[in-house]
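As you go down the protein sequences, you meet chains E and L in turn. Each residue of the first sequence is one higher than the one before, starting from 1 at the first, in our numbering. Each residue of the second sequence is one higher than the one before, starting from 1 at the first, in our numbering.
Be aware that a few hints might be false.
[Stated by the list, open to error] Each computed DSBU-like pair below joins lysine-lysine, with the alpha-carbon atoms no more than 35 Å apart: (1) L:69 / E:55; (2) L:90 / E:39; (3) L:22 / L:32; (4) E:121 / L:117; (5) L:23 / E:51; (6) E:45 / L:47; (7) E:104 / L:77; (8) L:76 / E:51; (9) E:125 / L:105; (10) L:28 / E:55; (11) E:121 / L:23; (12) L:76 / E:55; (13) E:104 / L:76; (14) E:45 / L:28; (15) E:121 / L:111; (16) L:47 / E:40; (17) E:121 / L:22; (18) E:125 / L:117; (19) E:97 / L:111; (20) E:39 / L:44; (21) L:69 / E:40; (22) L:69 / E:51; (23) L:76 / E:125; (24) E:121 / L:69; (25) L:11 / E:97; (26) L:32 / E:40; (27) E:125 / L:111; (28) E:40 / L:44; (29) L:32 / E:121.
[To be verified] Interface residues of chain E toward chain L, partial, derived using beta-carbon atoms under 7 Å: (30) 12; (31) 46; (32) 107; (33) 110; (34) 119; (35) 122; (36) 124.
No wet-lab data here; the hints were simulated from the structure. Keep in mind it's a predicted model, so treat the numbers as computed, not measured. Cβ coordinates follow ideal geometry from the N, Cα and C atoms, glycine included.
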Amino acid sequence: MTSLDYHRLGNFRYAIITLVGDDGFPFSVSTDFKIMPDKKIVLQKPAQPSKLDGKRVNVLFNHITGLPGGGYGDRRYMLVWGTTHEHHGTLTFEPEKVSEWDEKILPFDQYCAKTAPQGAKYLGKLQASVEA
Amino acid sequence: MLPFYLPDSGKFVVTSSILFSKKAENVKQNPKVSLLFSNPEGSKVGKHAVLVQGIAHADDSDLDHGWEKYLSYWRKKEPYIDAYLAEREKFGWFWKRIVVQVEPKKILAWKNGDTSKSPEVFGV
């Protein structure tokens, strides 16, 4: 697991909780969050989903800045998988696994180079399906 | 992913490079997806939050050209994309792109992005 950088995490303004609903569709909802001194992540409990205790979720923290001429800059995200816990009306998030990108740390062209194995994997599967 | 709305069909489209194709792979396994528009910087719907749940179809039959018909939508959102296009050879695999169309089935909306309240729900 890539370790979670709580300092950089604290620079995000909101979180998006996603889990699979009873109908099988992903349900995503944005909410506020704060990081406590003991590094516990506390999420503002949304009205829905009504039951989040013990749920496997992913929580996305992301950021973009709109550019004057169009498009976006300062693109970054942390996608964290984990479990939510409800206790006395407080919703906490226990992180387990994180993937992330910050273009100020890894410029886009280098990010593309880093993800080349995923591209090769996709082409390999596609080739196999064509030949099957 | 950068979504485009196609008013003629009522569908959304995203295109994904094979470099970032995990979501497209997942769509092939399970077509139930959702698109959340909640950041005013990108959504342009003010502070409102909108969740679109729908059925996705990934088309990778023409990775080199299938996405090009959506370039005008893309250019409106990211004008600098032409600079990358000019270096298409350099970013070869970035320009091998899967087209994912999403047919909305249910839309949930939170006025002013207030998710402490239940969303309005619209069937499609």
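Hint-by-hint comparison with the structure:
1. L:69 / E:55: With Cα atoms ~41 Å apart, residue 69 (chain L) and residue 55 (chain E) exceed 35 Å; violated.
2. L:90 / E:39: 42 Å, violated
3. L:22 / L:32: Since the Cα atoms of residue 22 (chain L) and residue 32 (chain L) sit roughly 15 Å apart, the hinted pair holds (cutoff 35 Å).
4. E:121 / L:117: 42 Å, violated
5. L:23 / E:51: 26 Å, holds
6. E:45 / L:47: 18 Å, holds
7. E:104 / L:77: 21 Å, holds
8. L:76 / E:51: Not satisfied, since the Cα-Cα distance of roughly 40 Å exceeds 35 Å.
9. E:125 / L:105: 30 Å, holds
10. L:28 / E:55: 25 Å, holds
11. E:121 / L:23: With Cα atoms ~13 Å apart, residue 121 (chain E) and residue 23 (chain L) stay inside 35 Å; holds.
12. L:76 / E:55: At roughly 39 Å apart (the allowed maximum being 35 Å), residue 55 (chain E) and residue 76 (chain L) break the hint.
13. E:104 / L:76: Given pair residue 104 (chain E), residue 76 (chain L) holds - Cα atoms ~24 Å apart, limit 35 Å.
14. E:45 / L:28: Measuring from Cα to Cα gives roughly 32 Å; hence the hint holds.
15. E:121 / L:111: Distance ~41 Å between residue 121 (chain E) and residue 111 (chain L) Cα, so the pair is violated.
16. L:47 / E:40: With Cα atoms ~28 Å apart, residue 47 (chain L) and residue 40 (chain E) stay inside 35 Å; holds.
17. E:121 / L:22: Satisfied, since the Cα-Cα distance of roughly 10 Å is no more than 35 Å.
18. E:125 / L:117: 44 Å, violated
19. E:97 / L:111: 32 Å, holds
20. E:39 / L:44: 33 Å, holds
21. L:69 / E:40: Roughly 46 Å separates the two Cα atoms, so the pair is violated.
22. L:69 / E:51: 43 Å, violated
23. L:76 / E:125: 33 Å, holds
24. E:121 / L:69: 26 Å, holds
25. L:11 / E:97: 33 Å, holds
26. L:32 / E:40: Within the cut-off at roughly 32 Å; holds.
27. E:125 / L:111: 43 Å, violated
28. E:40 / L:44: Given that 35 Å is the threshold and the Cα spacing comes to 33 Å, the pair holds.
29. L:32 / E:121: 23 Å, holds
30. 12: Violated: closest Cβ of chain L sits about 11 Å from residue 12 (chain E), beyond 7 Å.
31. 46: 4 Å, holds
32. 107: Violated. Min distance 13 Å.
33. 110: 12 Å, violated
34. 119: 4 Å, holds
35. 122: Holds. Min distance 4 Å.
36. 124: 10 Å, violated
Violated hints for the displayed structure, listed by number in ascending order: 1, 2, 4, 8, 12, 15, 18, 21, 22, 27, 30, 32, 33, 36.
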